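K.L.:
Once you've looked at the hints, dock chain B against the given chain A.
If you read the protein sequences in the order shown, they are chains A and B. Just so you know, the first sequence maps onto residues 3 to 99 in the working numbering. Just so you know, the second sequence maps onto residues 3 to 99 in the working numbering.
Hints in this document: simulated from the structure, not taken from any laboratory. Predicted, not measured: the structure shown is a model, and the values here were computed from it. Among the clues, some could well be false.
No copy is singled out in the list; a pair is fine if it fits within one copy or between any two copies.
In silico lysine to any residue, SDA-like type, Cα no more than 20 Å apart, as pairs [said to hold, decoys possible]: (1) LYS81 x HIS30; (2) LYS79 x THR46; (3) LYS29 x ALA49; (4) LYS11 x GLY47; (5) LYS11 x VAL85; (6) LYS81 x THR13; (7) LYS92 x MET3; (8) LYS65 x GLN98; (9) LYS92 x GLU57; (10) LYS65 x SER99; (11) LYS11 x LEU55; (12) LYS29 x GLN48; (13) LYS11 x GLU44; (14) LYS29 x THR46; (15) LYS11 x HIS45; (16) LYS29 x GLY47; (17) LYS92 x ILE6.
Number of protein chains: 2
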Amino acid sequence: MLIIHAFLKVTPEHRTTFLELAEQVVKHTQAEPGNISYQLFEHTGQANTFVMLEEWQDEHALKQHGESAHFQEFIRKAKPLLVEPLQARKYEVIAQS
Amino acid sequence: MLIIHAFLKVTPEHRTTFLELAEQVVKHTQAEPGNISYQLFEHTGQANTFVMLEEWQDEHALKQHGESAHFQEFIRKAKPLLVEPLQARKYEVIAQS
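Just chain A, with the same shape it has in the complex (with noise of 0.2 Å):
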């Protein structure tokens, strides 16, 4: 299994569009085949601060959201609406509990 946590800055003017765009990414991603679990959360100190908090089967599940025409679209309007790069990590889990 795999967990991403996926971090946003969106700036301030752009927080309307901004979550219009991850509610589409979110109902898509989360009928994907390979997902488990893909939700958008904001930091509570820290307004505008987002993380993506994903659970994947495998790498094939991850591959294919990286591919998929949501994800790429996602990706591409959200890109201009935020104050930095997305910092995405990548955890490989052996257990859970």
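P.N.:
The following block gives chain B in isolation, referenced to the frame of chain A:
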């Protein structure tokens, strides 16, 4: 390395009290030697649903945290503010990129 996703659903009327408690436990926990990161986020689609995103060096660090006065106090005081019991998922990570 260990990752914890701790989900907390707070009753709306206790939101402010919860965030004040959380701020304290975050401050003290981030100062713990074995902690890598410890951040609170709120779900963008479900108000008052929070996740504490945690990274720990090892089991020993996590055990120390669990036995710490600040964490024990947080759990004791936060419990009555929650809609349902805290749900923590623990992941043992073998690789990070």
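K.L.:
Now tell me, hint by hint, if it's right for this structure.
P.N.:
Here is what the structure says about each hint:
1. LYS81 x HIS30: within (19 Å within a copy, 35 Å between copies)
2. LYS79 x THR46: between (25 Å within a copy, 19 Å between copies)
3. LYS29 x ALA49: between (23 Å within a copy, 18 Å between copies)
4. LYS11 x GLY47: Both, since 13 Å and 18 Å are each at most 20 Å.
5. LYS11 x VAL85: Answer is within: at 6 Å inside a copy they meet the 20 Å cutoff, but 30 Å across does not.
6. LYS81 x THR13: within (11 Å within a copy, 35 Å between copies)
7. LYS92 x MET3: both (11 Å within a copy, 13 Å between copies)
8. LYS65 x GLN98: For LYS65 and GLN98, only the inter-copy Cα distance (16 Å) is at most 20 Å; the intra-copy one is 22 Å.
9. LYS92 x GLU57: So LYS92 and GLU57 pass the 20 Å test inside a copy (10 Å) and across (13 Å) alike.
10. LYS65 x SER99: Between copies only: 15 Å across chains, 25 Å inside a chain, cut-off 20 Å.
11. LYS11 x LEU55: Answer is both: 14 Å inside a copy and 17 Å across each meet the 20 Å cutoff.
12. LYS29 x GLN48: between (25 Å within a copy, 14 Å between copies)
13. LYS11 x GLU44: This pair counts as both: shortest intra-copy Cα distance 10 Å, inter-copy 15 Å.
14. LYS29 x THR46: Between copies only: 13 Å across, 23 Å inside.
15. LYS11 x HIS45: both (10 Å within a copy, 15 Å between copies)
16. LYS29 x GLY47: between (26 Å within a copy, 12 Å between copies)
17. LYS92 x ILE6: For LYS92 and ILE6, the Cα distance is within 20 Å both inside one copy (5 Å) and across copies (14 Å).
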